[in-house]
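**Student:** Here are the chains, one letter per residue:
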Amino acid sequence: MTTFRTASARRALTHILLLGFGFAYLYPFLWAVGSSLKSKLDFLDGGLSLIPPAPRWENYTQAWQEASFGTYFMNTLIISVVSVFFTLLFTAMAGFALARTTFPGRKIVIGVIMVTFLLPHGYTIIPVFDLVNALGLLNTLWSVIIVQVGGGLVFGTFMFMAYFSTMPRELEEAARVDGAGFNTLFFRVMLPLAKPMAATLGLFTFISSWNNFFLPLVFTLGKPELRTVGVGLYAFTNQTTTNWTLLCAGAIISLAPIVIVFVVAQRYIVEAIAGAVKA
Amino acid sequence: MPTTQLDRAHPAGPAAEPPRRPSVWRRVRANGWSYAYLLPFAVLTGAFTVYPILASLGYTLYDWDGIGEPTDFVGLANFQEVVADGYFWNSLANAALYTVVLVPVQLVLALAMALVLNNPKLRGSTFYRAIYFLPAVTSIAIVGIVLKLMLANFGDALSAPLAGLGLIDQPLQFLGDPDTVLWTVIAIGIWNTLGYNLIYFLAGLQTIPKDLYEAAQLDGAGRFARFVHVTVPGLRNVGVVIVFLAIIGSLQVFDLVMVLTGGGPFFASDVVNTYVYRQAFGQVGTGVVTEPDIGLASAASFFFGLLLLVLTAGQMLAIKKLRARKERT
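Chains as they are written, first to last, in the numbering used here: chain A, 1 to 279; chain B, 1 to 329.
Treat the hints loosely; a few may be bogus.
Taking lysine-lysine and the DSSO-like style, the derived pairs with C-alpha atoms no more than 27 angstroms apart in a straight line are [stated by the list, open to error]:
1. K121/B to K210/B
2. K40/A to K148/B
3. K148/B to K223/A
4. K320/B to K107/A
Hints listed in this document are in silico derivations from the structure and should not be mistaken for laboratory results.
Construct all of the structure, not just a fragment, from the sequences and the given hints.
**Tutor:** See below:
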């Protein structure tokens, strides 16, 4: 009886500690939600309280429209979705070619992939900036997309190459017997089988693209209407008179998609991260 | 200089090898689709990954403000300038302190939490894991701005009563005070990326066979003895990778510092990557105006990259040695 009691007491204590610590852990997020619904006066009065006395939902419409977070949101969404699409397409294609065919020069390509993993990358933003400028893409959303995609293909190609090389030869032979050419084999047979890999890579590309701060910061310096949520928020704090409650509403708008993606896909995200150290 | 991978993938290279049957040219022609599939990858990676690495290496040899073409060749003078620059060493020392404090504290916390959450009898461990991972998956650029605002409020709210008690003589400014700024940034850094290490440790704990614990228990090993003799050896392989990733990641901190302080006040939280950013783009937020110097920025970045490479190689060797020793025993 007593052991049962102490065991359940210990369990309850564990939960209390985990919840208390968890509350403290999420406090900044909860504080931002609370502050985003306060009036300016309530914000100044009760700086640390979480509950707004009278929720002001119009802060959100104001942040979306007047503070341009609607524009920033759409910019970020376009950049992220287009980046995910091209990253997946190009890495899957390259990974497939490298894994399933032996063509002259294959080893050289794999060698270059390995070397770029190891080489110190230096301060590459300047040549990248010059290149984008030479292509005439400066001050367009494409600048951020092309740089993000172009800089992130090595890892994905490597992952797809490893994934495709584990697929059985018989599968390919059966498809060939059925008269499938190179393209049919890739788009109809191999790519559908690589869905788990594509989902994981797509998820991480989306998150890192949405969270990217440095590239959009550099490439939207001259054009405020192209800012992403992160850069927009950063610029918002540098204004002479900052409206703090709108800032918090803008932060929540900026964070919401990633929090939703995380809640929905938590299992896959955690599994993929865990896989990184197990191997 | 702009060698794309396509150039390298061209049969010119392999042609030097002894001729095979069928001929190289024939094999190239037969694999047309393979090259077509590689083309977008090769062009984009060549342009946006390989070329920038080589170009930035070239810039280290010029005195160049980023406008026009680099023409003022100075040899290794930029590297000499970096090595002689006190601000560079200050930023390196800050990055090192950030790493030396953050890594052990964060890893001990993450391991302790992983041990608690790994208990199969504990309900809701997925929920708790999600809570502690949330900061890691959200953008630190955005969260950092919220934290900056929150800390200012915290400072104001705490300062009044503390000043009333006579404990402090000026308002608390966590990020505005050169004495406290780096410690505040470190605390936020620990909070921010702890979730990754929690997941790594949980993954590591799950690789330890359950019967090892049962066997130890049968041998009369207590909770602590089981931790020391089963958990710790079982985590060794995963552990070295975790430590390695944490060190490399912490030394390269940028977004967090950039958003919270820009390296200031008075360079008290300046880390290598904010130093390099300031050299490349001019003044950031440290109160001192600097002119852009791409050559110096590239040299500093490359020098730092080499330091990281040496560190990586050293750690790789240590991991290999550790594994080899383990296999022998």
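**Student:** Now look at each hint and say whether the structure bears it out.
**Tutor:** Hints versus structure:
no.	hint	result
1	K121/B to K210/B	holds, 14 angstroms
2	K40/A to K148/B	holds, 18 angstroms
3	K148/B to K223/A	holds, 26 angstroms
4	K320/B to K107/A	holds, 26 angstroms
Violation of the numbered hints given earlier is absent; every hint is satisfied by the structure.
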